Every structure is written in C-alpha cells, then in structure tokens.
Amino acid sequence: KAGVTQTPRYLIKTRGQQVTLSCSPISGHRSVSWYQQTPGQGLQFLFEYFSETQRNKGNFPGRFSGRQFSNSRSEMNVSTLELGDSALYLCASSLTHNEAFFGQGTRLTVV
Amino acid sequence: TQLLEQSPQFLSIQEGENLTVYCNSSSVFSSLQWYRQEPGEGPVLLVTVVTGGEVKKLKRLTFQFGDARKDSSLHITAAQPGDTGLYLCAGAQAGSSNTGKLIFGQGTTLQVKP
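Protein sequences, first through last, are from chains A and B. First residue of the first sequence? That's 1 in our numbering, and the numbers climb one at a time after it. First residue of the second sequence? That's 1 in our numbering, and the numbers climb one at a time after it.
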C-alpha cells in the first residue's frame, strides 16, 4: 500500500509570493492533517480536513489555507510569504483519531 | 505553554547503553503516539498506546502509557547506531475541538555512537 505522498519535496520562494503544496493520503484514509515543523517551535498543527470539510484549525494566520478534494487529496496554500514561513510542511493521513501517518514533507525556503 | 514536555532534549550515548525518554503533561490524552524522524524526512509512527498502564514492546523498544494517561515513556535497550534520530511523542485529546489534531512534544535528539 502506497504511503502519504507530498509534492514538491523542496521549494524556494521569494517574500510576498504564494505557494501551494500537495498531499495524497494513503488509499482509504479520509482525514488529512497539515503540520508546520521548525527548529524553534517543533511540530505545530495547521488544520485538518475530512470529506472535503475543514474540521479543525490551528493557531495560524489567515494566510494559511487548505482544501480537500473528493478523492481525499489535499492542498495547502500560503499567501504573501514571509521569511518566518520557512519550514518543513508535513501532511498526515489517518483512518482513526489515534494514528497519523506522515509524508516525507515539503521543505519550503522563503528568501 | 508546551502541553507535552519531552525530556531529555538531547542524548548522546555509546552503543550498547540503555536509555529512557519521557513525555509528561498535566493534561489527559485519549492516546499517545511515538514517532522517529530522520533529518529531512517525515516522522515514522512507532507505536500507539491507548489504555492507561499499557506497555508495548517493539524489539528493543518498550513504550509505556501512564495509569492516568498523562505521561508516557520510551525505553531503548542496548542502543545501536541505527537508533539515532529524533524521537517525538504526540498526544490526541478527546472532544470535537481536538479532532484530527495531535499535540507534539519538542522531541529528543538521540545520537548513538559506535
């Protein structure tokens, strides 16, 4: 069974630009969550989608948004990029609330 | 405020030594997961514990969930260089406001020297 796939693996963007990251969950998993990982803050929850609906949202500004499609694939978008948005963005898919399986992440660098 | 306090943050030991990583909170969790992460990769799920007092073993790794479901520990016996990595604990809480959300500890960076 294929794991969680995130694309692209690496991105370099300029301040003020926007970026879209993609995540394909494990087949059969309908819940997709997004996390931001930085050396200083660790892993922080961004939002979670289930059946195309956002069910939960972390404490991030409105520049961070996401969506989920009918095939459970998800995208997250960050607009008006700031230097502080440089991070590893991780997507996780779940069948139950108890277990999350992560993708390899997208390393975003904002210059 | 860090909801899950993980300790120690860094650990450098020799091959063959034993070690324990702790994950503590004042909050109750419905489940707790342990992950291992390599640099530049996503966390890989090692184990999930759900029941208070539960003990699970994965080869040389032993995981325990506290009776009150507020803390957990990871014990590695006879550590090997292949155990090197970042170990993360993550908790799930009950309630609709916590749906799909894991709370992570800050992680323990383990280095096992040959």
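If you're looking for bench data, these hints aren't it; they were derived computationally from the structure. All values reported here derive from a predicted model rather than from experimental measurement. Warning: the hint list may mix true and false statements.
[Stated by the list, open to error] Using 25 Å as the maximum straight-line C-alpha spacing, the simulated SDA-like pairs for lysine to any residue come out as follows:
(1) B/59 / A/57
(2) B/70 / A/41
(3) A/57 / B/5
(4) B/57 / B/95
[Claimed, not checked] Each pair of labels, with its calculated beta carbon distance range:
(5) B/67 / A/54: 33 to 39 Å
(6) B/94 / A/17: 17 to 23 Å
(7) A/55 / B/77: 17 to 23 Å
(8) A/51 / B/81: 25 to 31 Å
Yeah, the Cβ is synthetic: ideal placement off N, Cα and C, and Gly gets one too.
Checked hints:
1. Among the hinted pairs, residue 59 of chain B with residue 57 of chain A is inconsistent with the structure: their alpha-carbon atoms are about 37 Å apart, more than 25 Å.
2. Restraint check for residue 70 of chain B and residue 41 of chain A: satisfied, since their Cα atoms lie roughly 22 Å apart, inside the 25 Å limit.
3. A C-alpha spacing of about 22 Å is found between residue 57 of chain A and residue 5 of chain B, which places the hinted pair at or below 25 Å, so the restraint holds.
4. Using a Cα cut-off of 25 Å, the hinted pair residue 57 of chain B and residue 95 of chain B is violated, with the two alpha carbons roughly 29 Å apart.
5. Separated by about 35 Å at the C-beta atoms, residue 67 of chain B and residue 54 of chain A satisfy the suggested range of 33 to 39 Å.
6. Residue 94 of chain B and residue 17 of chain A have their C-beta atoms about 39 Å apart, which leaves the hinted 17 to 23 Å range violated.
7. Distance hint for residue 55 of chain A and residue 77 of chain B: a CB-CB separation of about 40 Å, inconsistent with the stated range 17 to 23 Å.
8. Between residue 51 of chain A and residue 81 of chain B the CB atoms are about 44 Å apart, so this pair departs from the stated range of 25 to 31 Å.
Of the numbered hints listed earlier, those contradicted by the structure are 1, 4, 6, 7 and 8.
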